[in-house]
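A.B. asks: Keeping their order, the protein sequence lines are chains A and B. Taken in order, the first sequence gives residues 1 to 602; the numbers are from this note's numbering. Taken in order, the second sequence gives residues 603 to 838; the numbers are from this note's numbering.
Calculated directly from the structure, the hints in this document are not laboratory data. Some hints here could point you the wrong way.
Going by beta-carbon spacing under 8 Å, a handful of chain A positions derived as facing chain B [claimed, not checked]:
1. 68
2. 103
3. 143
4. 168
Some chain B residues well away from chain A (every beta-carbon gap over 12 Å; in silico) [as the list claims (entries may be wrong)]:
5. 699
6. 700
7. 702
8. 753
9. 764
10. 777
Beyond 12 Å from chain B on every Cβ pair, some chain A residues (computed) [claimed, not checked]:
11. 112
12. 153
13. 263
14. 341
15. 405
16. 569
17. 580
18. 596
19. 598
Where is the CB? At the ideal position from N, CA and C, for every residue including glycine.
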Amino acid sequence: MTRIKTGISILALAMLAGACSQTTTTTEPAEVASNPPPSREGLAPGVFDAEEVSWNIELVHAEPTPEAFAPDNAMWAPGVEMAIVRAMQAGEEVERPPSPISFANTDLAFSGDRVIMGNWHGFNVFETQADASVEHVLSVVCPGGQGDVSVHGNLVFRSVEDNRGRLDCGAGGVEGESSAERFRGVQIFDISDMSNVRQVAAVQTCRGSHTHTVVPDMNDPSVIYIYNSGTSSVRPSSELEICSGGEPEDNPDTALYSIDVIRVPLATPEEAAIVNRPRIFADRETGAIAGLWRGGQLAEDAQETSVTNQCHDINVYPEMGLAAGACSGNGILLDISDPVNPSRISEMSDPNMAYWHAAVFNNDADKILFTDEWGGGLGARCRAEDPETWGANVIADITESGLEGRGYFKIPNTQSETENCVAHNGSLVPVPGRDIIVQGWYSGGISVIDFTDSNNPFEIAFFDRGPLDAEELYLGGNWAAYWHNGLVYAPEIVRGLDIFRLLPSEYLSANEIAAAELVRFEESNTQTQMRFDWPDEPVVALAYVDQLARSGALNTAMATTVREAVNAGDAGADLMSALEEASAHAEEADARRFRALMGWFQ
Amino acid sequence: MRLNWSLGGKKSPAALRVATVLSAGLLCVVLPAAASSASLAQPAPIVQPGAPGENSRTLTREQSLELGQSRYIEADARFMQHMIVHHGQAVEMGALVEGRTTHEGVRLMAERIALTQESEIAMMRTWLTRRGESTQMQGGHHHHMNHAMDPNVPVMPGMLSPAQMDELAAASGDRFNQLYLTGMILHHQGAIDMVNELLSQPGAGEDPELSEFLSAVVADQSTEILRMRHMLSQLG
Chain A
1 MTRIKTGISI
11 LALAMLAGAC
21 SQTTTTTEPA
31 EVASNPPPSR
41 EGLAPGVFDA
51 EEVSWNIELV
61 HAEPTPEAFA
71 PDNAMWAPGV
81 EMAIVRAMQA
91 GEEVERPPSP
101 ISFANTDLAF
111 SGDRVIMGNW
121 HGFNVFETQA
131 DASVEHVLSV
141 VCPGGQGDVS
151 VHGNLVFRSV
161 EDNRGRLDCG
171 AGGVEGESSA
181 ERFRGVQIFD
191 ISDMSNVRQV
201 AAVQTCRGSH
211 THTVVPDMND
221 PSVIYIYNSG
231 TSSVRPSSEL
241 EICSGGEPED
251 NPDTALYSID
261 VIRVPLATPE
271 EAAIVNRPRI
281 FADRETGAIA
291 GLWRGGQLAE
301 DAQETSVTNQ
311 CHDINVYPEM
321 GLAAGACSGN
331 GILLDISDPV
341 NPSRISEMSD
351 PNMAYWHAAV
361 FNNDADKILF
371 TDEWGGGLGA
381 RCRAEDPETW
391 GANVIADITE
401 SGLEGRGYFK
411 IPNTQSETEN
421 CVAHNGSLVP
431 VPGRDIIVQG
441 WYSGGISVID
451 FTDSNNPFEI
461 AFFDRGPLDA
471 EELYLGGNWA
481 AYWHNGLVYA
491 PEIVRGLDIF
501 RLLPSEYLSA
511 NEIAAAELVR
521 FEESNTQTQM
531 RFDWPDEPVV
541 ALAYVDQLAR
551 SGALNTAMAT
561 TVREAVNAGD
571 AGADLMSALE
581 EASAHAEEAD
591 ARRFRALMGW
601 FQ
Chain B
603 MRLNWSLGGK
613 KSPAALRVAT
623 VLSAGLLCVV
633 LPAAASSASL
643 AQPAPIVQPG
653 APGENSRTLT
663 REQSLELGQS
673 RYIEADARFM
683 QHMIVHHGQA
693 VEMGALVEGR
703 TTHEGVRLMA
713 ERIALTQESE
723 IAMMRTWLTR
733 RGESTQMQGG
743 HHHHMNHAMD
753 PNVPVMPGML
763 SPAQMDELAA
773 ASGDRFNQLY
783 LTGMILHHQG
793 AIDMVNELLS
803 QPGAGEDPEL
813 SEFLSAVVAD
823 QSTEILRMRH
833 MLSQLG
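Chain B extracted, bound-state conformation (with noise of 0.2 Å):
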């Protein structure tokens, strides 16, 4: 399996129809089953290995459900919401090609990382739903927050400021062109950047999905900034 967070998730009442489909040989074969049930042996012996070379552990089931309790801490949570707002830029640009460029490889990739973040955002926000998080980013917390209104500040670092999305708004053709991947190149640049800091926090990114997440916002991200200095530099 490979995490790439681009769920389908669309909720749909699955329509339920009874099939009426069973093997008249499953009779024979429950029973067995049945009767080879784990109350006639001994619990299997649950084994906390050390690391190498070191004694293991016997444990109970309780405390093998408590080891798999795997923890997210305050960081991680705000990491989601703010990158939901990032995310939220990309798809922003995305929808600002139409009409102001003709370049196939610049709306190929804009069509592109648009629909990959707005999955994103949506795995993003089931992660916080499910775990009971608020969707919206936390004011205050946060300490690249900038509350200013200032349209050369951008909301935080590695977003474009409202000055400059008003610029690639205004632009068309070659100019569009090249603001648009200059600025997406430094947007993706800022969530790796966010991604790094959040993993210099102790005990932050250990939720196995949001270490999949982040492993994947990495891989990708920097993937895609190396086509689009390719493609910035062909535009000439």
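Extracted from the complex, chain A is given alone in its bound form (with noise of 0.2 Å):
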């Protein structure tokens, strides 16, 4: 396919992102002048021209909703609505506008140049500007949500959930309680060809997919796998032989209580199939399948937690060979050295948890943040009534003794009624020397939030939209924010993909943000984990100093001397020896920085 466009604006479009860029780094800190956060109560509604409000981050893209996917019609376009139901009530011929969650924008995955938004109604692929902005390059229509999409090279993995899916991506539904024509489950879709996508595997599963993740197999380069969490009703058997549901007591073939386990051969992806549904929430004593939470409260006052018979997202952290799940009523870590046979080494329970959803690893695989979506996404729990624990971040450090609960992190409750908001997916912001994370909120945005002290996360940058409607509650907001190779892309329900650009201030340095910038990958999925490794380059080495500094672990005259050193390239034996006596007199997260400080002049 040919692309037109001119030379002139290519340049142009240089030049200006040149006089733009922000993130040139600096041998002195830069002085940011103390910024508090601004207000995002009460922001004005509209899909197009919501108020906005950002602290710490800008937006520097918002690319709408493809075409294909954003019908004129839908409820929460400004007075459609009413327009429709007072004629429908009035028993004119209307055409009725589409269900507001099936045009809804879901999660990312990233490929070379190619950013994949998966969709209820398929999924699209842009491709990345080098003014941080993207150009929409294929619209792939398959309907039946969620959508969730990985990728691999040329193949995209999307997970279909919907009643009305159908195997080969019509519409119209499926007739009748089993059919052949339904599909539910995980689907590869080989887009080399952009005008000829091919759909060349379609793996039925019994409860769905919601989500899904891509495990690579460390040792075979030829074969990956795929663990599915299905989190709808089983099916049954007569539309899928291997199904059949009900509790473990009543049957213990019950397709509840497990994942699914696909292997996919790279050279033959149409031969992929589920090749286990391991019992990874079994008892360890007695090997009852149903081994962990069986829904309920853990105390009185506590959140009705939900039954662990699921994982809604699995994050894999293949060079660790670990996997934390979010399973519902549990946090689970497990251990996938073998990616075809996971198994549980430690759980966790939490009585603020009504329903574990999503978890990442930091870079040291240490911690895990697990996230509660509390109302399951379409619900407004970030109002003032709403509890500051419930529907919140919980961080847990991976002891000895296996998962241990410490810090909460909500972003502050002032959204309106009318504005679904929970905790939801998010990455690591690779800033060396600590845990960072950008994470979408749904209608609350999205929020940049340090957990490095376990027991004390909190927000160094955010932003924030007005609700689509200041009536109606309609499904929007920030499914997600993930960082991929120096910017946030977070997909938009509604309204399309943001992009953002993080911006230095007095919780972030520029060298701090320079040096994230290096770390950078050909593909990622946002559930699979690939561990961050920093070039020896002297930004590193300050943002190392920048923390030192903001914590007081190094005193202003102390640190420009190390910045010099840095500059320099080279510490000299006196230097090196106070760097070693403060390290010995500093807080654990202090030290670490001391040490990789003394590392890089080393």
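Quick one: dock chain against chain with the hints and give me the complex.
C.D. replies: Quick look at the structure:
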């Protein structure tokens, strides 16, 4: 396919982008004035003209949902709903608006210069541009949600759970309780020829596919595995032979209480098939397959926690041989060194969690940030009256005795009644020396959170928009926010794809941002964590110095001396022993930064 | 996301307040974004793949949008209207707890069920209203409907009859616990049966929100049935 663009515009864009670059490195700490967070309360509503507020982050591009996925008569479009409803009530023949979630944008995956955005209606592919915008290059239509996507080269994987999903990507649904035409599971598409995208495999599963995770085999590059999390009710065996439902007391073969492991041979992806349905919730002593939380409250005033008969999200960290499962009623830690046979190392409960939804390891894999999707994502759960520890993140340390719950983080409870809001999906920002996550909160916007101290996570940047509508709650907002190669990409359920750049502040220096930008991945699936390794660039050392100066572990004079040494590329014996001395008296996080800094000099 | 239909749906006029935060850097980035608009490039293809191994076809924007016009059928709307009435009885049963039992497990269970079903009723009303459908149960359209005023016959299968509701209201202590739990198990099973009956009809349950709701009803209510059975066995 050819694209027509004038050379002049490309040059102009490059110059403009260059003029606006704010990530130049510095040997002096950036003089950033203290900048208190603005209020995000009472923002004016609107679909494309809602009021926006941001702090230490800027929206650099807002790509609207592609036209083939954006109906003009959407229910939330201004004036549409009431006009149509009135006409229908008056008995007039009118075209009904589509269901408000039929065209909802969902998760992201990254490959080369492609950004792939899932949707209830299929998926869209964009190409990143030099000016931090994207260009839409492909729409693939295949109705059936929720449409979470992953990628491996030219293969795109997609989750389908809706009852109406069809094997042939058609509409019009499926007739009857059992049908060979119905599809609920994991689809595999080949997008190497964008004008002739082909479905190469459709792996049917008992509970459909709500989310899935790509798991590389560290010993065999010719194969990948998919961990599938189905959360729907179990399909009848008349439709899919391997399936039967019910509680394990009545049916030991129940499709509840398991996940699906799908093997994908990369040379012949059409042969993808389920190879295991491990009982990862089994009781260690008795082997009873429903071995974890059975639903109810942990204490009298506690949140009502869902039963653990499914995972919602599994975040794998293949280099560590670990996976973190957010599994409805529990957070769990899995050993995946044998990816076909994941086995549970530890599990935890928490009285404030309604539904364990997602999980992210820190880079060292000594802690996990879990999220709680209280209200299911469609509820307004960040109102003044909502508890600060419900619908929040909980940080868990991985200790010798297993997972140990520590602190909570939730964005301030200042969202309105018509803004669906709860903790949702995110990924790490690769700042050396700190644990930082960027995360979507639906209509609560996006938030950047430091959780280096597991007990005291705190916000360092945010973006928030007003609701779609002042009177009615429609599903909207940022489904997720993911750092990828220097930018933050955040799918917006209704509005499209938001792209952000972090700004230096008293909480995050220009050097720290520049060091994060050095970490680049050719391909990235948001639930498949890859270890960050920073190159030996001066800016990485300067990032550590900025952190040590911020905490007070280095005084101003000492920080200046160390910065000069970094620029000279040599510390000298005296400075090294001074750093050694300071390190011995520092708190643990600072001691690690000192060691990394000394390691850089050596 | 997981739609569990417990939406906090109160309408409140948003207090509109002007915030004055727009980064000065925004102008820089808005310009190139506008310059790279799609008008300079060919429109991206819109492709509908076929079943595995089959050919794909190219669609127009209109064809794509048409494929997303998820439909619902008369039976879906009737189902929602009936389920509102069905759920209403669970809320009524919950209201009877006060003053009739001190059993903590039964009280908590009843409170939770009443809250869940209340919020689901609100969601079902919204679902119907947004589609221009009545929220009232339509008489005579459903073969299960029973209009006789026999107190021993429930309004629909899977509900308690007026006589059973009277018996529950007259009970207290262990007798109440027993009747509440057996009644609610029957009531929940009735909801699951309603879902299964709906799904056995061609073309039913395809609206994505409805599809999520049907899954939630089956999953949540079968879990609660299990817990109530356990509670019942502990009553002795």
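A.B. asks: Kindly indicate which numbered hints from before are broken by the structure, ordering the numbers from low to high.
C.D. replies: none
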